[in-house]
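**Student:** The primary structure of each chain is shown beneath.
2 protein chains.
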Amino acid sequence: LQYLEKFSFTGNIYSVQEGEIVFPNEPVLRVEADIIEAQIIETLLLNILNFQSLIATKASRMRQVAGDKLLIDFGLRRAQGLGGIHASKAAIIGGFDSTSNLYSAMLFDLNASGTLAHAFIQSYDQQVDAFRAFAALYPEKTILLVDTYDTLSLGVPDAIQVAKEMEERGHRLFGIRLDSGDFSYLSKMARKMLDNEELQYVNIFVSNQLDEYIIKSLLEQKAPIDGFGVGTSLVTGKEDGALDGVYKLAMFNDKPRLKISEDTVKILLPGIKNIIRYLDEEGMFYGDGIMLENESSIKEIYNPNNYLQSSRVESFLFEPIMFKVIGNGKMVIQNKMPKEIAVYCRQRLNSLPDEFKRLENPHLYKVGVSKNLYDLRSRLIQSYKGKERIEQRKR
Amino acid sequence: LQYLEKFSFTGNIYSVQEGEIVFPNEPVLRVEADIIEAQIIETLLLNILNFQSLIATKASRMRQVAGDKLLIDFGLRRAQGLGGIHASKAAIIGGFDSTSNLYSAMLFDLNASGTLAHAFIQSYDQQVDAFRAFAALYPEKTILLVDTYDTLSLGVPDAIQVAKEMEERGHRLFGIRLDSGDFSYLSKMARKMLDNEELQYVNIFVSNQLDEYIIKSLLEQKAPIDGFGVGTSLVTGKEDGALDGVYKLAMFNDKPRLKISEDTVKILLPGIKNIIRYLDEEGMFYGDGIMLENESSIKEIYNPNNYLQSSRVESFLFEPIMFKVIGNGKMVIQNKMPKEIAVYCRQRLNSLPDEFKRLENPHLYKVGVSKNLYDLRSRLIQSYKGKERIEQRKR
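Each protein sequence line maps, in turn, to chains A and B.
Anchor point for the first sequence: position 97 equals 97 in my numbering, and the numbering is continuous, going up by one each time.
Anchor point for the second sequence: position 33 equals 1033 in my numbering, and the numbering is continuous, going up by one each time.
Chain A on its own, in the form it takes in the complex:
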């Protein structure tokens, strides 16, 4: 595990592109290898894919509601142990602008940013002296934290005073940060106080237990907020702390393999599979089709759990979304940095219709299987039902 993302492997790994949106029932990864190689990397791959997909998805939900406001990752202190390292990377992939996690910023070339801490302010006898010292140190990007004693009666007035002093030296205060209280009320009051002093250019940032729902609500209330610092719920995926991706044997010794289990949704799709994405006339995503490797184009996709539900797809445009990532132990695609993946991720999400992206009761994205794949699974299930009957007769 120390060599996370540096494992060596002699088989082939196919994956949807990093940063690709993950849909239910979609095979995002296909591993072809000797069984022992495939098994050794199982936990590692699941850990990486499950966690980083979870956090990138959470970040993209916040980006979706935040529009072009600044989004900064403040999560490391509340992250799940060392999980914070890759949480910050995934946050950038999902659409965050920067992170206060310097270690991850160094590892993955992420934008680093932050503001001053309460402790810095508390260590001065007068808050305004702390603000002055900080502004002198970072004149270009000064953000002053204004809630240490009282936001409106002490914090914002001291920030205004320092902003005026900065103007005299030819600098501009970049922003103030609210870290407690009602952000809708406080941001409106602070905006008014700043504007009254001709400080329209000073940005207002907020931080404190934010998530996509609170960000959406604040912006709907027309709170004049320019950026959000998000911690806990971003880096832990709160309220959903895990993405339950699985890794299953589907082919061995040239024979498709089945797993049935007691829970219908845990029945796997046997055989080596490929996946194609269907697009509507405007190039928006319509649905995905999972088929056997030797199938190229199919006419209809079926609900994997109900043969009676199907959609004709033959007239749709389509594109392959599975690519070889590792071949014979070597990476065969270009290694991209998180910032580049973020651009790709954003482009792809733009092609996903809004009804799938809404926060409340989203429409379910269509993922279907080919008739051949459906029938193969049915045949395999039947052969086990046959074994059951034989077993039962024996006893």
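It is possible that part of the hints are untrue.
What the hints assert, rightly or not - Covered, in the sense of this in silico footprint (three residues per stretch, anywhere, with C-beta under 8 Å from a C-beta of chain A), are these stretches of chain B: (1) 1254-1261; (2) 1272-1281.
Unchecked claim - Restraint-style ranges between C-beta atoms, simulated for each label pair: (3) B:1339 to A:279: 54 to 60 Å; (4) B:1209 to A:353: 28 to 34 Å; (5) B:1340 to A:213: 51 to 57 Å; (6) A:300 to B:1361: 49 to 55 Å; (7) A:350 to B:1361: 56 to 62 Å; (8) A:213 to B:1224: 39 to 45 Å; (9) B:1224 to A:382: 31 to 37 Å.
For the record, the hints were derived by calculation from the structure and aren't laboratory data.
Just so you know, these numbers come straight off a predicted model, no measurement behind them.
All C-beta atoms, glycine included, are put in the ideal place defined by N, C-alpha and C.
Place chain B on chain A using the hints.
**Tutor:** Chain B only, in chain A's frame:
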């Protein structure tokens, strides 16, 4: 962060013992250092304490309801990235018996254990041959996974057959594992089938989206289950993926420091503090008192947010619970392994009355402050109120 738990530090760190239960408002750590040293380790300490306390607590809740049944950590694949490494350690501290996370087992000397995988079974044409091969490899601790095709009609019968073959070789099948379906029903049926074949000694293990509530419910239904493999909810702390511990400046240049904030619960306790635990006549924990460092015994503890609520504690037995951990950059206590800490943790939890440990609506553990500490905070708040009034007159 690569050097997590190996940081060097030249100040002093006081902590409640590792494995100690953490109560709201309790200072679990006191750092005395140059401000830059204290600040550099802030995020690291918060990350370690918040996450590992969260997971150890989650594990101890499961241990509490599981009695002496076996509890095995299966979480790494669903853990939050590298957070899984310390999650497994914390799970053992909280009362788990073993982990399937081999890397953490090696790092922290934890008991490692596991069962066979679905893929192993699927790679054989006949399930019974997979069971035979596994039993031949691990004759001492064979656990057979019985839900790959159908638990009761195929899985348990094949396990019984292999158990009988093992008996002929002088071995005993250690257990079967159910991984899907209704565990109450399936465990009762499987127990009956095993007992009918004189296999009373074969244990029944279950795994699949378990948590303390499901474990409690299964045992209340008298499901004959001998052990639980717990993954996601254990290693992510689901539904509470973060413990919101904070780290605040309380003293600087010999002056107690305050932070007020807009939210009452975020007002900190100023000054260097000590903490004492009060015990009732049976030695059970009654409550904790937070006081200034120079106070030794106090008569009464006060609700930190309401002076009108107080408890007399002068007649109680008490014990110190804050100890120096690091002095002048060196660890001054003996380094304990997780297994030892687990024993200590269990002992301590036994001294916490049941009403604080129940899962539904637990009684709140009493944490109060001394009058001197309460008054110090009030005086500091008043002095900032004074500043506010002066500011307001100026404008």
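**Student:** Evaluate the given range 31 to 37 Å for the C-beta pair formed by residue 1224 of chain B and residue 382 of chain A.
**Tutor:** holds (33 Å)
**Student:** Can you take a look at whether the segment 1272-1281 of chain B is actually covered by chain A? Rule is 3+ residues, C-beta closer than 8 Å.
**Tutor:** Three-residue rule not met by the segment 1272-1281 of chain B, so violated; n is 0.
**Student:** Quick one: are residue 1209 of chain B and residue 353 of chain A within 28 to 34 Å, going by C-beta?
**Tutor:** holds (31 Å)
**Student:** If I claimed the Cβ atoms of residue 213 of chain A and residue 1224 of chain B lie 39 to 45 Å apart, would that claim hold in this structure?
**Tutor:** holds (44 Å)
**Student:** Does the Cβ pair residue 1340 of chain B, residue 213 of chain A satisfy 51 to 57 Å?
**Tutor:** Because 44 Å falls outside the window, the suggested range is violated.
**Student:** With respect to the beta-carbon atoms only, verify the hint that residue 1339 of chain B and residue 279 of chain A lie 54 to 60 Å apart.
**Tutor:** Holds, since residue 1339 of chain B and residue 279 of chain A (Cβ atoms, about 56 Å apart) stay within the stated range.
**Student:** Please check whether residue 300 of chain A and residue 1361 of chain B have a Cβ separation lying inside 49 to 55 Å.
**Tutor:** holds (53 Å)
**Student:** Given the hint of 56 to 62 Å, check if residue 350 of chain A and residue 1361 of chain B actually sit that far apart at their C-beta atoms.
**Tutor:** With Cβ atoms ~47 Å apart, the hint is violated.
**Student:** Within the assertion that chain A covers the segment 1254-1261 of chain B, do at least three residues meet a Cβ-to-Cβ distance smaller than 8 Å?
**Tutor:** holds (count 6)
Of the hints listed earlier, those the structure fails to meet are numbers 2, 5, 7, in rising order.
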